[in-house]
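Model the full assembly from the supplied sequences, consistent with the hints where possible.
Residue numbers (my numbering), protein chains in the order written: chain X, 1164 to 1332; chain B, 287 to 572; chain U, 826 to 1742.
I should point out that these hints are in silico values taken from the structure, not numbers from a laboratory. One should not assume that every hint holds.
Stated by the list, open to error - Just a few of them, taken from the derived set where beta-carbon distance is under 10 Å, the chain X residues facing chain U:
{"#": "1", "residue": "E1213"}
{"#": "2", "residue": "C1215"}
{"#": "3", "residue": "G1285"}
{"#": "4", "residue": "D1287"}
{"#": "5", "residue": "D1298"}
{"#": "6", "residue": "F1299"}
{"#": "7", "residue": "R1302"}
{"#": "8", "residue": "Y1324"}
Stated by the list, open to error - No farther apart than 25 Å at their CA atoms in a straight line, the calculated lysine to any residue pairs in the SDA-like style are these:
{"#": "9", "chain 1": "X", "residue 1": "K1264", "chain 2": "U", "residue 2": "M1494"}
{"#": "10", "chain 1": "U", "residue 1": "K1477", "chain 2": "X", "residue 2": "G1269"}
{"#": "11", "chain 1": "U", "residue 1": "K1462", "chain 2": "X", "residue 2": "V1249"}
{"#": "12", "chain 1": "B", "residue 1": "K289", "chain 2": "U", "residue 2": "K1579"}
{"#": "13", "chain 1": "U", "residue 1": "K1497", "chain 2": "X", "residue 2": "A1232"}
{"#": "14", "chain 1": "U", "residue 1": "K841", "chain 2": "B", "residue 2": "P429"}
{"#": "15", "chain 1": "B", "residue 1": "K461", "chain 2": "U", "residue 2": "E1070"}
{"#": "16", "chain 1": "U", "residue 1": "K1451", "chain 2": "B", "residue 2": "E556"}
{"#": "17", "chain 1": "U", "residue 1": "K1605", "chain 2": "B", "residue 2": "L325"}
{"#": "18", "chain 1": "U", "residue 1": "K1497", "chain 2": "X", "residue 2": "P1267"}
{"#": "19", "chain 1": "B", "residue 1": "K467", "chain 2": "U", "residue 2": "K1450"}
{"#": "20", "chain 1": "U", "residue 1": "K1497", "chain 2": "X", "residue 2": "E1185"}
{"#": "21", "chain 1": "U", "residue 1": "K1602", "chain 2": "B", "residue 2": "D346"}
{"#": "22", "chain 1": "U", "residue 1": "K1442", "chain 2": "X", "residue 2": "P1198"}
{"#": "23", "chain 1": "U", "residue 1": "K1597", "chain 2": "B", "residue 2": "D346"}
{"#": "24", "chain 1": "U", "residue 1": "K1069", "chain 2": "B", "residue 2": "N466"}
{"#": "25", "chain 1": "U", "residue 1": "K841", "chain 2": "B", "residue 2": "L325"}
{"#": "26", "chain 1": "U", "residue 1": "K1579", "chain 2": "B", "residue 2": "D346"}
{"#": "27", "chain 1": "U", "residue 1": "K1157", "chain 2": "B", "residue 2": "F434"}
{"#": "28", "chain 1": "B", "residue 1": "K486", "chain 2": "U", "residue 2": "E1070"}
{"#": "29", "chain 1": "U", "residue 1": "K1477", "chain 2": "X", "residue 2": "K1255"}
{"#": "30", "chain 1": "U", "residue 1": "K1597", "chain 2": "B", "residue 2": "E556"}
{"#": "31", "chain 1": "B", "residue 1": "K486", "chain 2": "U", "residue 2": "K1069"}
{"#": "32", "chain 1": "U", "residue 1": "K1212", "chain 2": "X", "residue 2": "R1321"}
{"#": "33", "chain 1": "U", "residue 1": "K1244", "chain 2": "X", "residue 2": "E1237"}
{"#": "34", "chain 1": "X", "residue 1": "K1264", "chain 2": "U", "residue 2": "E1632"}
{"#": "35", "chain 1": "U", "residue 1": "K1450", "chain 2": "X", "residue 2": "Y1311"}
{"#": "36", "chain 1": "U", "residue 1": "K1244", "chain 2": "X", "residue 2": "L1279"}
{"#": "37", "chain 1": "U", "residue 1": "K1477", "chain 2": "X", "residue 2": "Y1311"}
{"#": "38", "chain 1": "U", "residue 1": "K1477", "chain 2": "X", "residue 2": "R1321"}
{"#": "39", "chain 1": "B", "residue 1": "K496", "chain 2": "U", "residue 2": "Q889"}
{"#": "40", "chain 1": "U", "residue 1": "K1452", "chain 2": "B", "residue 2": "T550"}
Beta carbons: idealized from backbone N, C-alpha and C, even for Gly.
If you want the building blocks of each chain, they are given just below.
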Amino acid sequence: MDLEKKYLLRLPDENLVMTKDELAAHVEGILKDHPSEFMNGYRVWYEGFEGCGMPSPDVYEVIIETMRAMDGWEDIGPMRWEKYGVVNPSFKNLNYASAAKDDPNGNFMLQHRFHLGAHYQGPDGRVFWIPIMEDFNMRGFERKDGKYVGTMVEIDARGEYASQMVEVK
Amino acid sequence: MLKTPMKKPGIAINAARCMACYACFMACKDEHCGWDTALSKSQPEMGQYWMNIVEWERGDSERRVKTATVPTPCNHCDNPACMAAAKDGAVYKREDGIVIIDPEKAVGQKAIADACPMNAVFWNEDLQLPQKCTMCAELLDDPDYPGFEPRCVEACPNQALVFGDLADPESNISKLIAANKVTPWKGLTGNVVHLNTPQKFLAGTVAYPKELEEVCIGAKVKITCDETGDTYETETNWAGDYEFEDLPEAKTWTVEISFPGFKTVTYTGERTDVDHYVGITYLEQE
Amino acid sequence: MAERIVLSSAERPKEKITHSICVGGPMTIHTIDGVIRRVRPVVFQDDDPAGWVIKARGKEYTPQRKMTMSLLGYCEKDRTYAYDRLKYPMIREDFVETPDGKNRNTENRGKSGYRRASWDEALSLVAREIKRLQRTYGKETITACTSSHHSWGLVGYKISLFNRFFSMMGYTRIADNPDSWEGFHWGTPHTFGYYWRLGGPEPYDQLEMAMQNCETMICWSSDPDTSRGGYSAQESALWRWWMKEMGIQFIYVDPFNNYTSVKHADKWIGPRMGTDAAILEAIAYVWITEGTFDKEYVAQHGHRFNEFVDHILGRGPDGTPKTPRWAEELSKVPAMDIKAIARRWASTPTTSGSGMRGGFGGACRHSNGTEYARLMVLLAAMQGYGKPGRNFWGPGCGAPMNYDFWFGGYSDPLASIAKAPVADDVPMNPVQQVLYRPNLPDAILNGHYEWYGEGFCGGGIDLEFTRHVYPTPGYNKVHCFWRYGGSFFGTMLDTNKWAAMYKSPELEFVINQDIYFTPETRHADVILPACTNLERTDIGEVGSSGLGGYCSHSESGNSWQLIVYQEKAIEPLWDSRSDFWIFSQVAARLGFGERFTEGRDEEAWAKRFWQFSDLPKQMSWEDFKKKGYYVIPVSMKEEDKDPKTGLFQNWKRYPGFNWFAENRACDTMNHKVFQEEHLLGTFSGKFEFVSESLTYWAPDDEARRPIPQYQDSWEGFKSLSADNYPYGLISPHPRFDYHTHYNQHAKWLWEVPKNRVLINGNPYLVCHINAKVAEQKGIKDGDVVRLFNDRGSVLCVARVTYRLNPETIHAYTSSGIYNPIRYGERYSWDKGGSINVLTPGRLIGDYVPAMAPYSCNIEVEKADPDPNFGQGWEFILDEVDRQQLETERPIRTSAEADLIFGEKEACVKALVEKEAV
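So, in structure tokens, the structure goes:
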């Protein structure tokens, strides 16, 4: 009898059987240099493996264990995902600041650089709420004394000003 | 006289573009219901359609149906029947061709309303007055009015109604008329020119033997008019359908369908009393 | 009736010109001394910017230098001076203000007459009752709802003004369902994501793409000349003629050969109701067996395609190959036609779409609607969705637009006086309890209701599956309904249920705030007369300059983008007031008046929208007010113009879904973070032929299966009810109305022969019956007929036609008129044409809380017209008119109000005396 636990992965073209180490290695490969700021086990399963159906609990367990063990990812507990609802644990990319901000073809990834709907403080001290990001422009409103003032502001996401903006709460 | 002078202001009505959105119908009511103008008394809220839209369904089978939708305002005829029926100059044709019913002089003259061959003149019972479209001349005469077209034309989203100087061969309206088929409404000529009002169609589908459940693309279809001898030819399209548009009404046709390798099929006595779908022709092998 | 003759034009002084917007489009309004003279389209002047030019197939195409309106815009004057306007506040005659809220004769609601009240009496009663109810039961006992498209203008619109008042006061919110596009909203996020677009596709720049690349357009369940892109007036009609005239083949699929298909279709097929999914499966069968789909694209971008293939070929669990013959049995569309369409679709660059924006269409408002919608997307994917000429789009959107200019769009979450940045004080509704609109009557009548989902689930797939219970634990039930703007009698399904709800003593107090004496208004205890948006000032846009239309740029259905200063054209008629005034008054009486207004009047609020947009950079507030509108050019750069014509030939283009087909980061508007990683909003990031999100969230969902597929309807031709009611009712969005807002009020619409026919003073709605069916039943064109099933009866006028398959009967939905013959009685035959008397209140499924009006079986028979003259309820308004009352300010009843279509003596004077205020 083969005493090593095997993991069955249902995938579109064929079902694969892996050992724990093989499975962990695949997970690490999927997550290496990943551009996303946040991850969870389902993203790894569905996007990374192109898994079919819900991941079986034992496969899922290994994915989570592997993520916890990886240096670049921090377990942040429960987080709400638009697709999956609340997933616990979710993970934060510790290498996000230096992660790829252009797609594999070199296209600018705007929302990987800035958070939609967040507030940012520019080098001149002004604080802006950015609820709209379209093309490479960020559009928003200046916040002053608890109110929004002025008119709509357009900030070039590739420009000097944007590069020095810091997110504030 | 129009503030932008035109020798013969006219409206071209393109039935090929009209989709019966009724914007022109409503714009006319908006302009004339409840308001007197320099040239007319107000139209009642309901009951008169100075811009009418005549619609009819075309086709005798679900497999091919179209509609004809023709906006029919007053034709502003060259020889207005209403003017002939009017007394005391109650109806007059301006130099530019626009026909006006004088709202004072025409009181009591029901004959004016009855005379119109296209039912474009309405009888206002309360005012005892015949009333009809003025081509919005009162607006276009007015230097203070900011628009330059009759209300119906201005409302049309599709350029199915076009306004301009019929006497100017370089105008858009003249060019449009020159490029399309003129189809006088009820045979009338005047400042309103109807284009592309459809006659009748013959249509059908050709298919392979029924058990194959396949349409036949590229079958040759030839129709011949028994009365005139005219013939037309076409081929079935990607859907196996064929269609001959704008055929004269009330004629008898012979339809011949042929495709290599299959028996030629002939239909006789196909009538264009109505727009007619000949049928699905299932070919038989030779 | 004596005619109103007004204002001889010889005496006419100069006209004032203002602008506004309605659902029919933007308007230029001419008034003469406080009276509306005419409503015209907005015709551009020489100093307005140049338009765009699309160059396609050797020709150049540019729109007319004006904005168009649908017929409804031209009815605005008729509608403003309508006979059924609410003139004064009214209180139900037999309403009793009992201290405990009981014994108030609620069973008479819908039948009772009304007495005239002063504003003070009416508003004080409203305030008193609200305080009593809140004290007794808590804030949650008040609930309120608007209609979807009540009145145009960013200040006055429901997400703005209504939202501000009720969130500030606290109330049980009623969640809307995505009524017009249920199947897409609840279906396609599980196939291609786009939950933030509420299930719809990216329309960006698709008009140009189609004009340049398309050879075939498939308009499934689509009547764009009628639905007009939603709020896009009639602008796109011209585009479709361009496309037709350049030889693009149009295929229309609709049980009714609708108004667009009858003009444009090169091929029309009319499937039996609810069988669209079967035809789509059969088309997939043809492609798979003939190998005529984009294999590379599917291999790269499709998830679990092989299992879909198995299902289609009959190798799946049901063992049924989805052949064209199989589809013919169900749909009655010949197999040979299905095959021909399949081959045309595969062999030419084909763009397909459902309904007015690609992700709409009545076919998705059916028990099988989610599956139909999902299959529409999957079939587009099988043919390379996003490649040139191959897209998923409805030909009523996607015009060139300037996305670099921002102004709050209609229904844009940022364009609201209840939200930042426009509001300084953003109210947060303290009440957690929520109700669900389609089943409000069930909740009230049964005292209990459970459902899933947030209604509009743009914020996430997870929001489809939130669990709701009414009453929410810890909360009390609702005992007061404040209904605002428009009528659910006509738009919501199973009308008689709503009538029952209103009669329930559970509703101790009912307020209705509206412009007209609508069918629903007649069920209120207190009626507050609001004025139209022509009688108040607001600001708005057409063409979706910012977001707008309930998801990002869902419009782009106009040839032009226009921002309009909706200046008040005339003073409020009779004793009506603006909604803003009404809410401010109630707020003041409830103690939060200043907080509500923030010290601003309507114009000052309107200015806030100008302020927080890109408009100040182009036009000062004063200049904008003076001109009345601003046309946003498609580009701001002179060098983008074609030097020959001066038209813009270049602008920033973002062709919808192109990024996905070209494997690059998403660059289209309003995208999600993960789209930049070239992922769709599905779990796998690909087109899901087998849906992972459904397996994850709702594995036992019987309405949405992991592989989308045809299923018999719970009310269809195979149901038991079909034995008695053998015809499927198709009730699409109306051509001659906009969700009840015009048909009762604008009598001109009764003169459109395809809309209504006046018999004995009652405007009967037109229904369409197949010629063979009519002959069998002895029904002639123009006969009055009764459409009926177990839920009720509606009298209509029959139009006999070949534009329908013999299994279907057509009558438009959203009737503005609901009129039981025995006035105020439930289950009495309706002669107003309120087709929703017949439609089922059942939701699509346990997990799919969606309306399904297209799953409706009826029978038809010849009937006699109701011999009673008139609509039957005018007597109530006449009676109120006769009452005398001292009011706070003189009522503007005279010359102005009665002017055009009133009842009194003829008036020939031009000038009207201004009242002392």
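Outcome of the hint check:
1. E1213: Cβ of X:E1213 sits 6 Å from chain U, so the hint holds.
2. C1215: 6 Å, holds
3. G1285: 17 Å, violated
4. D1287: 20 Å, violated
5. D1298: Since chain U brings a Cβ to about 7 Å from X:D1298, closer than 10 Å, the hint holds.
6. F1299: 9 Å, holds
7. R1302: 6 Å, holds
8. Y1324: With Cβ-Cβ at 18 Å, over 10 Å, it is violated.
9. X:K1264 x U:M1494: 18 Å, holds
10. U:K1477 x X:G1269: Status holds; Cα separation ~20 Å.
11. U:K1462 x X:V1249: 47 Å, violated
12. B:K289 x U:K1579: Given pair B:K289, U:K1579 is violated - Cα atoms ~38 Å apart, limit 25 Å.
13. U:K1497 x X:A1232: 29 Å, violated
14. U:K841 x B:P429: Distance ~15 Å between U:K841 and B:P429 Cα, so the pair holds.
15. B:K461 x U:E1070: At roughly 18 Å apart (the allowed maximum being 25 Å), U:E1070 and B:K461 satisfy the hint.
16. U:K1451 x B:E556: 65 Å, violated
17. U:K1605 x B:L325: The given pair, whose Cα atoms are some 42 Å apart, is violated under the 25 Å limit.
18. U:K1497 x X:P1267: 17 Å, holds
19. B:K467 x U:K1450: 47 Å, violated
20. U:K1497 x X:E1185: 32 Å, violated
21. U:K1602 x B:D346: 19 Å, holds
22. U:K1442 x X:P1198: Answer violated: U:K1442 to X:P1198 is near 37 Å, above 25 Å.
23. U:K1597 x B:D346: This hinted pair holds, its Cα atoms lying about 11 Å apart.
24. U:K1069 x B:N466: Roughly 17 Å separates the two Cα atoms, so the pair holds.
25. U:K841 x B:L325: 22 Å, holds
26. U:K1579 x B:D346: Judged against 25 Å, a Cα distance of about 19 Å means the pair holds.
27. U:K1157 x B:F434: Given that 25 Å is the threshold and the Cα spacing comes to 52 Å, the pair is violated.
28. B:K486 x U:E1070: 20 Å, holds
29. U:K1477 x X:K1255: Violated - the C-alpha atoms of X:K1255 and U:K1477 are around 35 Å apart, more than 25 Å.
30. U:K1597 x B:E556: Given pair U:K1597, B:E556 holds - Cα atoms ~21 Å apart, limit 25 Å.
31. B:K486 x U:K1069: Holds, at about 21 Å.
32. U:K1212 x X:R1321: Not OK: U:K1212 and X:R1321 at ~29 Å, beyond 25 Å, violated.
33. U:K1244 x X:E1237: Given that 25 Å is the threshold and the Cα spacing comes to 35 Å, the pair is violated.
34. X:K1264 x U:E1632: The hint is violated at about 57 Å.
35. U:K1450 x X:Y1311: Holds: U:K1450 and X:Y1311 sit about 23 Å apart, inside 25 Å.
36. U:K1244 x X:L1279: 17 Å, holds
37. U:K1477 x X:Y1311: The given pair, whose Cα atoms are some 29 Å apart, is violated under the 25 Å limit.
38. U:K1477 x X:R1321: 17 Å, holds
39. B:K496 x U:Q889: Since the Cα atoms of B:K496 and U:Q889 sit roughly 49 Å apart, the hinted pair is violated (cutoff 25 Å).
40. U:K1452 x B:T550: 69 Å, violated
Going down the numbered hints, you'll see the structure goes against 3, 4, 8, 11, 12, 13, 16, 17, 19, 20, 22, 27, 29, 32, 33, 34, 37, 39 and 40, while the others check out.
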